Amino acid sequence: MILNHALASKIYEAAALNRAFEVSTFEQMKLGSIKFPAYLSAGQEYISATLSVAFQEAGIEQRQIFIQHRGHSTYLSFGGDINKLVLELLGDKRGCANGMGGSASIHSLEANIFGHDGLMGSQGPISTGMCYANKIPTLCFTGDAAVEEDYFLAAIGWASTKKLPIIFVVEDNNLSILTEKKVRRNWDIHDVAKAFKMKAYDINDDPEEILNCLDTEKGIFSEPMLLNINTNRMFWHAGAGIDDPDIFDRHKSFGENFDSEYRLTVKNKYNNLVSKVWKQYL
Amino acid sequence: MNLRETIKEIVKDHLENQNGLVMGQCLTAVGWVGGTLPEIYEDGGMVELSMADVANGGFAVGAALSGRKPMYVIRYQGFNWFNAPIIINYACKSNEIWGRPCPLFVRSIAMEGAIGPVAGSSHHSMYFRMPGMKIYSPMSPNEYKLTYSDFMKGQDVFYVSEHRGSYDNCDDLIDINFDNPHYVLFPISITRFDAVKASHELIKEGIKVSVCHIFIIKPFLPSDESLDNLKNSTYGGCVIDDDYVDGIAKSIANDLANITGNKVEALGLEDKSAGFAKDVDNLPPDFNKIIAKIRSVIT
Numbered sequence: 004m005i006l007n008h009a010l011a012s013k014i015y016e017a018a019a020l021n022r023a024f025e026v027s028t029f030e031q032m033k034l035g036s037i038k039f040p041a042y043l044s045a046g047q048e049y050i051s052a053t054l055s056v057a058f059q060e061a062g063i064e065q066r067q068i069f070i071q072h073r074g075h076s077t078y079l080s081f082g083g084d085i086n087k088l089v090l091e092l093l094g095d096k097r098g099c100a101n102g103m104g105g106s107a108s109i110h111s112l113e114a115n116i117f118g119h120d121g122l123m124g125s126q127g128p129i130s131t132g133m134c135y136a137n138k139i140p141t142l143c144f145t146g147d148a149a150v151e152e153d154y155f156l157a158a159i160g161w162a163s164t165k166k167l168p169i170i171f172v173v174e175d176n177n178l179s180i181l182t183e184k185k186v187r188r189n190w191d192i193h194d195v196a197k198a199f200k201m202k203a204y205d206i207n208d209d210p211e212e213i214l215n216c217l218d219t220e221k222g223i224f225s226e227p228m229l230l231n232i233n234t235n236r237m238f239w240h241a242g243a244g245i246d247d248p249d250i251f252d253r254h255k256s257f258g259e260n261f262d263s264e265y266r267l268t269v270k271n272k273y274n275n276l277v278s279k280v281w282k283q284y285l
Numbered sequence: 075m076n077l078r079e080t081i082k083e084i085v086k087d088h089l090e091n092q093n094g095l096v097m098g099q100c101l102t103a104v105g106w107v108g109g110t111l112p113e114i115y116e117d118g119g120m121v122e123l124s125m126a127d128v129a130n131g132g133f134a135v136g137a138a139l140s141g142r143k144p145m146y147v148i149r150y151q152g153f154n155w156f157n158a159p160i161i162i163n164y165a166c167k168s169n170e171i172w173g174r175p176c177p178l179f180v181r182s183i184a185m186e187g188a189i190g191p192v193a194g195s196s197h198h199s200m201y202f203r204m205p206g207m208k209i210y211s212p213m214s215p216n217e218y219k220l221t222y223s224d225f226m227k228g229q230d231v232f233y234v235s236e237h238r239g240s241y242d243n244c245d246d247l248i249d250i251n252f253d254n255p256h257y258v259l260f261p262i263s264i265t266r267f268d269a270v271k272a273s274h275e276l277i278k279e280g281i282k283v284s285v286c287h288i289f290i291i292k293p294f295l296p297s298d299e300s301l302d303n304l305k306n307s308t309y310g311g312c313v314i315d316d317d318y319v320d321g322i323a324k325s326i327a328n329d330l331a332n333i334t335g336n337k338v339e340a341l342g343l344e345d346k347s348a349g350f351a352k353d354v355d356n357l358p359p360d361f362n363k364i365i366a367k368i369r370s371v372i373t
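Taken in order, these protein sequences are the chains called L and Z.
Going by the working numbering, the first residue of the first sequence is number 4, and it counts up by one from there.
Going by the working numbering, the first residue of the second sequence is number 75, and it counts up by one from there.
Bear in mind the hints are in silico, worked out from the structure with no lab data behind them.
Quantities reported herein were computed from a predicted structural model and do not represent experimental measurements.
C-beta: ideal position from N, C-alpha, C; glycine also.
One thing to keep in mind: the hints can contain errors.
Only part of the chain L face toward chain Z is listed, based on derived beta-carbon distances under 7 Å [stated by the list, open to error]:
# : residue
1 : 100
2 : 102
3 : 120
4 : 122
5 : 123
6 : 132
7 : 157
8 : 158
9 : 161
In the BS3-like style, the derived pairs of lysine-lysine whose C-alpha atoms are separated by at most 27 Å in a straight line are [claimed, not checked]:
#  : chain 1 : residue 1 : chain 2 : residue 2
10 : Z       : 363       : L       : 138
11 : L       : 138       : Z       : 227
12 : L       : 165       : Z       : 86
13 : L       : 165       : Z       : 143
14 : L       : 138       : L       : 166
15 : Z       : 208       : Z       : 227
16 : Z       : 208       : Z       : 86
17 : Z       : 208       : L       : 96
18 : Z       : 363       : Z       : 292
19 : Z       : 143       : L       : 138
20 : L       : 96        : L       : 33
21 : L       : 166       : Z       : 143
22 : L       : 282       : L       : 96
Kindly generate the complete structure, drawing on both the sequences and the hints.
In structure tokens:
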């Protein structure tokens with residue numbers, strides 16, 4: 004899929020909503036409005052933003068999505084209700100997971116997003132099993148740590164064996180809390196996937212790189228695939244803090260493709276939207 | 075028709091007429107899981123999984139989310155130590171947390187004798203302590219039909235604690251009630267057969283032992299008649315299980331004691347590892363052990 008200006012704008016706006024949401028959530032955490040750990044996805048927004056826009060462009064309407072913690076951006080990018088997300092973060096029964104999911108176990112019935120139970124990587128086999136049973140295009144989001152779970156590896160193997168219409172998306176921020184990947188393992192997940200005879204790529208969260216992996220001619224889900232997408236986590240593993248103030252910011256970088264007036268307009272638009280939602284429920 | 079044939083018929087119907095799935099390891103190998111599976115292959119919904127037990131539990135859960143009401147076959151209950159995590163933590167919680175039912179029929183099969191420290195006996199207690207599921211242990215054709223019917227009527231996760239020793243059984247297991255029994259047995263799984271035998275044996279000596287079968291383990295809803303038996307029992311009663319004694323047996327014994335005010339003990343696998351050789355095995359309470367227990371209480 005080719006990244007043209009119109010597509011880039013859509014991706015930028017989707018990411019801007021995510022960024023506005025996470026920055027506002029960061030502020031609410033500092034203010035004490037959120038009473039449990041929240042896992043912010045700021046810095047990683049371009050993965051879900053790009054994939055959701057690509058699916059729209061490709062006309063993929065029927066799909067099922069599995070997420071885990073640090074999933075706010077995925078939830079919003081794929082059509083999760085922002086009101087229900089805010090309510091969930093406030094522990095309200097009207098929230099997207101009935102006030103039981105907190106930040107880590109969000110889900111959306113309407114958007115066909117499946118929540119996570121808290122066993123890291125369990126969404127690997129669950130998504131694979133569901134995809135096997137109904138053959139609906141499936142996206143399984145995970146992190147570079149959860150993918151180390153043995154059952155996740157087995158899921159990749161079985162999805163490959165059964166040639167399922169599934170894409171495993173590894174949001175690789177290189178960190179398990181603060182333990183770097185190189186401390187934990189000497190292998191790369193895209194190599195493992197290839198060893199399982201699955202198409203796999205190791206790329207950056209640049210929208211152009213992501214889109215280049217999607218084969219729209221054969222069909223994005225024509226065969227199982229794993230995308231290891233290198234990205235950066237801007238905030239703490241959990242909570243309102245910053246580990247590295249100088250970390251690369253994809254949103255800032257990608258925004259340079261647009262003029263400053265447009266950037267400001269987009270920023271204000273989504274800041275206002277998000278702020279309005281929080282004010283409604285606080 | 076015995077229990078083995080009944081299960082086979084139910085599975086066949088589940089695949090051919092209910093759009094169901096049957097998933098598990100080595101299903102189509104010699105024996106077809108003790109003769110309880112019809113000779114149907116993947117194109118008919120009988121799905122051979124990989125040898126990755128933990129992931130397989132997750133595959134079954136995912137299939138359950140799709141609404142196809144899969145049966146997941148675990149050939150030895152002890153393998154649940156690998157298979158259970160995603161079933162217990164996702165399937166059993168999905169409806170409560172997210173409003174998404176995840177109806178899964180776990181066929182978990184027990185057997186024992188010379189199969190070592192993990193595979194043997196029942197392990198339903200590991201599920202019992204967690205929320206969000208029903209646990210049935212059918213030992214007769216009619217009980218199995220009821221189990222399947224209840225599963226298909228609802229959206230719950232079912233843990234079906236089977237035992238290979240019951241597969242030849244054709245008969246219903248009926249409670250044995252006495253107005254003023256000396257003792258009351260509450261047996262589970264394979265121990266039900268020897269509990270009945272023990273009652274029949276002891277009545278020859280004038281010792282009245284009621285037997286109140288526990289087929290539905292969770293939710294545990296004892297019948298009024300069984301509670302009356304226990305309330306009127308001279309020496310109380312005993313819950314007998316095919317799992318380790320520090321599990322369901324003691325938990326239910328405690329509930330029964332609290333409800334009736336009478337003393338209730340527990341018998342099950344001993345608190346020790348099972349070895350392969352006969353003299354180091356760990357087998358469920360059998361006829362002799364049950365008789366010995368009753369004699370020790372009433373004399």
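Going through the hints against the structure:
{"no.": "1", "hint": "100", "in the structure": "holds, 6 Å"}
{"no.": "2", "hint": "102", "in the structure": "violated, 10 Å"}
{"no.": "3", "hint": "120", "in the structure": "holds, 4 Å"}
{"no.": "4", "hint": "122", "in the structure": "holds, 5 Å"}
{"no.": "5", "hint": "123", "in the structure": "violated, 11 Å"}
{"no.": "6", "hint": "132", "in the structure": "holds, 3 Å"}
{"no.": "7", "hint": "157", "in the structure": "holds, 3 Å"}
{"no.": "8", "hint": "158", "in the structure": "holds, 5 Å"}
{"no.": "9", "hint": "161", "in the structure": "holds, 5 Å"}
{"no.": "10", "hint": "363(Z) with 138(L)", "in the structure": "violated, 52 Å"}
{"no.": "11", "hint": "138(L) with 227(Z)", "in the structure": "holds, 25 Å"}
{"no.": "12", "hint": "165(L) with 86(Z)", "in the structure": "holds, 23 Å"}
{"no.": "13", "hint": "165(L) with 143(Z)", "in the structure": "holds, 20 Å"}
{"no.": "14", "hint": "138(L) with 166(L)", "in the structure": "holds, 10 Å"}
{"no.": "15", "hint": "208(Z) with 227(Z)", "in the structure": "holds, 13 Å"}
{"no.": "16", "hint": "208(Z) with 86(Z)", "in the structure": "holds, 23 Å"}
{"no.": "17", "hint": "208(Z) with 96(L)", "in the structure": "holds, 26 Å"}
{"no.": "18", "hint": "363(Z) with 292(Z)", "in the structure": "holds, 26 Å"}
{"no.": "19", "hint": "143(Z) with 138(L)", "in the structure": "holds, 16 Å"}
{"no.": "20", "hint": "96(L) with 33(L)", "in the structure": "holds, 23 Å"}
{"no.": "21", "hint": "166(L) with 143(Z)", "in the structure": "holds, 22 Å"}
{"no.": "22", "hint": "282(L) with 96(L)", "in the structure": "holds, 18 Å"}
When the structure is compared with the earlier hints, violations turn up for hints 2, 5, 10 and for no others.
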